[in-house]
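Student: Heads up, the sequence shown is in our numbering, so the first residue is 261 and it goes up one at a time.
Treat the hints with care, since some could be wrong.
Below, a list of computed lysine-lysine pairs in the DSS-like style, where the Cα atoms sit at most 27 angstroms apart [what the hints assert, rightly or not]:
hint	residue 1	residue 2
1	K466	K501
2	K521	K488
3	K521	K501
4	K529	K501
5	K501	K457
6	K344	K501
7	K344	K457
8	K371	K457
9	K488	K529
10	K344	K371
11	K488	K466
12	K529	K466
13	K457	K488
14	K521	K466
Read the hints as simulated data drawn from the structure, not as lab findings.
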Amino acid sequence: MVNEFDHDADPREILIRWHLASGVDALLDEMPHDRFNEAPPTETLSTTKEIKSSPRPASKPVSSPRTASAPILASGSSDEWVQKAEQHAAAASSLSELRAALENFEGIALKRTARSLLMADEANTDGLVILGDLPEADDERSGEIFSGRAGVLLDQMLGAIGLSREALALTMAVPWRPPGNRAPTTQELATLAPFLKRQLELLHPKLILSFGTSGAQMIAERSETILKLRGQWLDVPLGEKIVPMLVSFGPGHLLRHPAQKQFAWRDLKLLRERLTTIDA
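With these hints in hand, go ahead and build the complete structure from the sequences.
Tutor: Dropping the structure here:
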């Protein structure tokens, strides 16, 4: 019997066995076949008999150990964790205290699988805050927001409207990269929202440029798709102020969908016009 996990086995034999287990009965054929209208094959590949495993006596089933996937939330209801998040976030009087509160918060399991917590530092800004959706793989590896190819593209986007990242604040709506780069869940966004709101209050922005939809859902209560939200100015309540937020495509998204750069450029021009009005 061939063991699929035996590193000394012939890889060709392992491949054939895998094909057989998947129902493949021909390696290559000159004509296409409608398998739905054909009768079940009476034989498989000629190698079937050679590698067919001999029957084994039935044994008592033993549960094999496996690594359980991390839960989305720790024990307790989602409403309870949102309330705790609000309390922890409100108690932070600086970005460093807010970072510590996030690091010690047990209501989100993302931190157990992520390498880096990515949020704004102590840089002061009374102007523009760029809000990313969630960290890319390069961001997690480097521990820096908008790094790698996405960071290069962001610098080019900002330079096109006369800005640089040194003159503004960068942060992420979701501070930890979800495993497998999956989309954050509604519960995760709701639980992280108080931390994001408090972070923005401490940054004192005049305008927010939000890449993706997570930020819009967390702080503006908008659940539309990015195609419907991009190019729109949303009102974001931050303390006693209402701050305008423009939604657009992020650099990571544009690298994967370059045809949408034309829409991102339109959004950047809207941002430049609004900044000119505020600075006047």
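Student: Of the hints stated earlier, which fail here?
Tutor: Of the numbered hints given earlier, the structure breaks just one, which is hint 3.
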